[in-house]
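J.: Given the coordinates of chain V, work out where chain C should sit on it, guided by the hints.
Protein chains in written order, with the working numbering: chain V, 1 to 118; chain C, 119 to 230.
The hints are simulated quantities; they were obtained by calculation from the structure and are not laboratory data.
Treat the hints with care, since some could be wrong.
[Unchecked claim] Here are the simulated SDA-like pairs of lysine to any residue, each with C-alpha atoms no more than 20 Å apart in a straight line:
(1) C:Lys163 <-> C:Thr179
(2) V:Lys79 <-> V:Arg42
(3) C:Lys160 <-> V:Trp7
(4) C:Lys160 <-> V:Arg42
(5) C:Lys120 <-> C:Ser144
(6) C:Lys163 <-> V:Ala9
(7) C:Lys160 <-> V:Asn63
(8) V:Lys79 <-> V:Ser65
(9) C:Lys163 <-> V:Arg42
(10) C:Lys160 <-> V:Thr116
(11) C:Lys163 <-> V:Gly87
(12) C:Lys217 <-> V:Val95
(13) C:Lys217 <-> C:Ser146
(14) C:Lys160 <-> V:Leu11
(15) C:Lys160 <-> V:His5
(16) C:Lys120 <-> C:Thr179
(17) C:Lys163 <-> V:Thr28
(18) C:Lys163 <-> V:Thr3
(19) C:Lys217 <-> C:Glu121
[Said to hold, decoys possible] Only some residues are given here: those of chain C computed to face chain V with a beta carbon under 8 Å:
(20) Ser150
(21) Asp157
(22) Asn209
(23) Ile218
(24) Gly223
Note that the coordinates shown come from a computational prediction; the quantities given were computed from them, not determined experimentally.
Where a beta carbon is used, it is the ideal one built from N, C-alpha and C, also for glycine.
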Amino acid sequence: SQTIHQWPATLVQPVGSPLSLECTVEGTSNPNLYWYRQAAGRGLQLLFYSVGIGQISSEVPQNLSASRPQDRQFILSSKKLLLSDSGFYLCAWSVGPLAGGPRMNEQFFGPGTRLTVL
Amino acid sequence: RKEVEQDPGPFNVPEGATVAFNCTYSNSASQSFFWYRQDCRKEPKLLMSVYSSGNEDGRFTAQLNRASQYISLLIRDSKLSDSATYLCVVNSQYSSASKIIFGSGTRLSIRP
Numbered sequence: 001s002q003t004i005h006q007w008p009a010t011l012v013q014p015v016g017s018p019l020s021l022e023c024t025v026e027g028t029s030n031p032n033l034y035w036y037r038q039a040a041g042r043g044l045q046l047l048f049y050s051v052g053i054g055q056i057s058s059e060v061p062q063n064l065s066a067s068r069p070q071d072r073q074f075i076l077s078s079k080k081l082l083l084s085d086s087g088f089y090l091c092a093w094s095v096g097p098l099a100g101g102p103r104m105n106e107q108f109f110g111p112g113t114r115l116t117v118l
Numbered sequence: 119r120k121e122v123e124q125d126p127g128p129f130n131v132p133e134g135a136t137v138a139f140n141c142t143y144s145n146s147a148s149q150s151f152f153w154y155r156q157d158c159r160k161e162p163k164l165l166m167s168v169y170s171s172g173n174e175d176g177r178f179t180a181q182l183n184r185a186s187q188y189i190s191l192l193i194r195d196s197k198l199s200d201s202a203t204y205l206c207v208v209n210s211q212y213s214s215a216s217k218i219i220f221g222s223g224t225r226l227s228i229r230p
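Chain V on its own, in the form it takes in the complex:
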């Protein structure tokens, strides 16, 4: 079965500090991978998605970046955090486009990282 891991679970960082959040998926190959942010009491905002190694699409221009160095690894980074970067960061995977079929857009989320920028 497939599992998705995220770490750390919680993080408190000062403004201006760097950020690195990691997400790994097990039990599947060539997944689509996603980073979302959820501000307190708000909906999910898609930040980045990736359909393959080194392929990153950005949905929202901001001071965050993403990388996919391996098939099942997705990293979210920032060089300098802002107060507005606080939120609940969620990584998700779905079956990749090569798989096809009606289930290819079903997303499965990791446990999330709760980031507080002070």
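T.: Using the frame of chain V, we list chain C on its own:
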């Protein structure tokens, strides 16, 4: 108009009641539809995929109305454990990538 709209609620209903909520979407080319459940301070979890003919899973029924561009979720015989936020998700796919839009969610609270 938002791409995906949900009534934020909260819906406060007694245990055992039937409750339904809708979600409207603006892109008529949307292809995939889902309902997720999110508990407080937890990640969303897939509840149901919504197929064109509608589908049922135990106490939960999801339906799609393409003409009016909405999906619905019906919960019968509600349980205390059904208390959560229900997220509507709509996907319009292009080329080899997917664009997935989450609604802001509908809060449901089941009271004893």
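J.: Given the hinted pair C:Lys160 and V:Asn63, is their Cα-Cα distance within 20 Å?
T.: violated (25 Å)
J.: Starting from C:Lys163, check that the Cα of V:Arg42 is at most 20 Å away, please.
T.: Holds, because 17 Å separates the two Cα atoms, which is no more than 20 Å.
J.: Keeping to a limit of 20 Å between CA atoms, is the pair of C:Lys160 and V:Leu11 held or broken?
T.: Answer holds: C:Lys160 to V:Leu11 is near 16 Å, not above 20 Å.
J.: Taking 20 Å as the top limit, are the C-alpha atoms of C:Lys163 and V:Thr3 close enough?
T.: Holds, because 13 Å separates the two Cα atoms, which is no more than 20 Å.
J.: For a C-alpha distance cap of 20 Å, please report whether V:Lys79 and V:Arg42 respect it.
T.: violated (25 Å)
J.: Need the status of pair C:Lys120, C:Ser144: alpha-carbon distance at most 20 Å?
T.: Between C:Lys120 and C:Ser144 the Cα gap is close to 7 Å, so the pair holds against 20 Å.
J.: For the hint on C:Gly223, does the least C-beta distance to chain V fall short of 8 Å?
T.: Cβ of C:Gly223 sits 6 Å from chain V, so the hint holds.
J.: Check the hint pairing C:Lys160 with V:Arg42 against an upper bound of 20 Å on the C-alpha distance.
T.: Holds. C:Lys160 to V:Arg42 sits at ~13 Å (cutoff 20 Å).
J.: Can the restraint linking C:Lys160 and V:His5 be considered satisfied, given a maximum Cα separation of 20 Å?
T.: holds (14 Å)
J.: Answer holds if the nearest beta-carbon of chain V is closer than 8 Å to that of C:Ile218; otherwise answer violated.
T.: Nearest chain V Cβ about 6 Å off; hint holds.
J.: Tell me if the straight-line CA distance from V:Lys79 to V:Ser65 falls inside 20 Å.
T.: With Cα atoms ~9 Å apart, V:Lys79 and V:Ser65 stay inside 20 Å; holds.
J.: For the pair we were handed, C:Lys217 and C:Glu121, check the Cα-Cα distance against 20 Å.
T.: The hint holds at about 12 Å.
Of the numbered hints stated above, those contradicted by the structure are hints 2, 7, 16, 21, listed in ascending order.
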